[in-house]
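Protein chains: 2
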Amino acid sequence: MTTPATPRKRGRPARSSAGAEPAARDRILAAARNEFAEHGYDKTSIRGIAKAAEVDPALVHHYFGSKEKVFGAAIELILAPAMAVPDAVHGGGSREGAGERMARSIMGIWENPVARLPLLAVMRSALTNESAAEVLRELIQRRVLLRMAGDLDVPNPELRAQLAASHMIGISMLRYVIKMEPVASADPEEIIAMVGPTLQRYLTEE
Amino acid sequence: MTTPATPRKRGRPARSSAGAEPAARDRILAAARNEFAEHGYDKTSIRGIAKAAEVDPALVHHYFGSKEKVFGAAIELILAPAMAVPDAVHGGGSREGAGERMARSIMGIWENPVARLPLLAVMRSALTNESAAEVLRELIQRRVLLRMAGDLDVPNPELRAQLAASHMIGISMLRYVIKMEPVASADPEEIIAMVGPTLQRYLTEE
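Going down the list, the protein sequences come from chains H and G. The opening residue of the first sequence carries number 8 in our numbering; numbering runs sequentially from there. The opening residue of the second sequence carries number 8 in our numbering; numbering runs sequentially from there.
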């Protein structure tokens, strides 16, 4: 079902095809997300992504460049819900309840089974491949943690934002990956109630 | 360099060889640890372990049974330092400083580079393979968390022990796997000082 491999010039496609561009790019990106989610970073190739998107591999290179770059774009899509966490934390401008809002927004992402599988794939890829870890590190740092830390009025805001994030990452590991009881089956609200004050301390107290 | 595949009866070796048994078993276990640490769960085989230990694969089966069982024995060896965490937490019988002792004992394990690589391999295996996750879950649960929770005088001791552990797992992920700054280069004592009160709250307060 792949597009026949017509010879394709390097560089941007001719202007006349510009209207079709976003659709092809989006299709490649959606395919990349699925391929990385299903097979992990190591076993995903530009060729496999192109096949799943029914385009020529050259088009994947054209839009994204390297495998690392297309992985970056795919996890940006996968992590899109996480980008909203800093807004939730600082929601309403009130320091009060910031920890609880952080816990609730992150638990909300993981509790959505559609979001969970690609997230697990991203964690798995970062654990098994240094390039994938670097892409994830840069993205989380720039799009989530620095934005969150920027609004904190505490010493060491970046370290504190990371300690808060690390707690939620660890809970996600135990609950959704290792599936250890009782945390795996605990009511999300119970976890949020216990974790909220911890995050609050990191985010607001000196 | 493998032992010639002499025909071998099933069951325990004859009594006359009993003196050699522990040495062979230990050699297999050490080889298993190295193989799992280097290649992860999926890519490690009984045959590969036997080859590294210079014994017949039948001897690996004889001592350990399945690949899952030999993995269990290997990670029991790898996680041996973690088994001491509950003792550190409850050291001296004092509740005061329990959180700091927990943080310090776990950071101490990860800061040892010899222990770190196999630990990373275990985490990686648990993330990528359900059998490996199950073995790890059972071992951590029984040998670390239940022992730690058993001595806690709080409601929900198991959930609280797991929340405390999850925080340290998340810090380990960010610091040693994703290597995100500033937590990756922070002084261990600074991390212990900030995390200790959090763990203390989980371990002792209602």
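Careful, some of the hints might be misleading.
You can't tell identical chains apart in this list, so a pair holds if it fits in one copy or across any two.
To be verified - Capping the alpha-carbon separation at 30 Å, the derived lysine-lysine pairs in DSS-like fashion look like this:
hint, residue 1, residue 2
1, 186, 58
2, 50, 186
3, 50, 74
4, 76, 58
5, 58, 74
Calculated directly from the structure, the hints in this document are not laboratory data. Please read all numbers here as calculations on a predicted model, not as lab measurements.
Unsatisfied constraints (hint numbers, rising): Hint 1 contradicted; others consistent.
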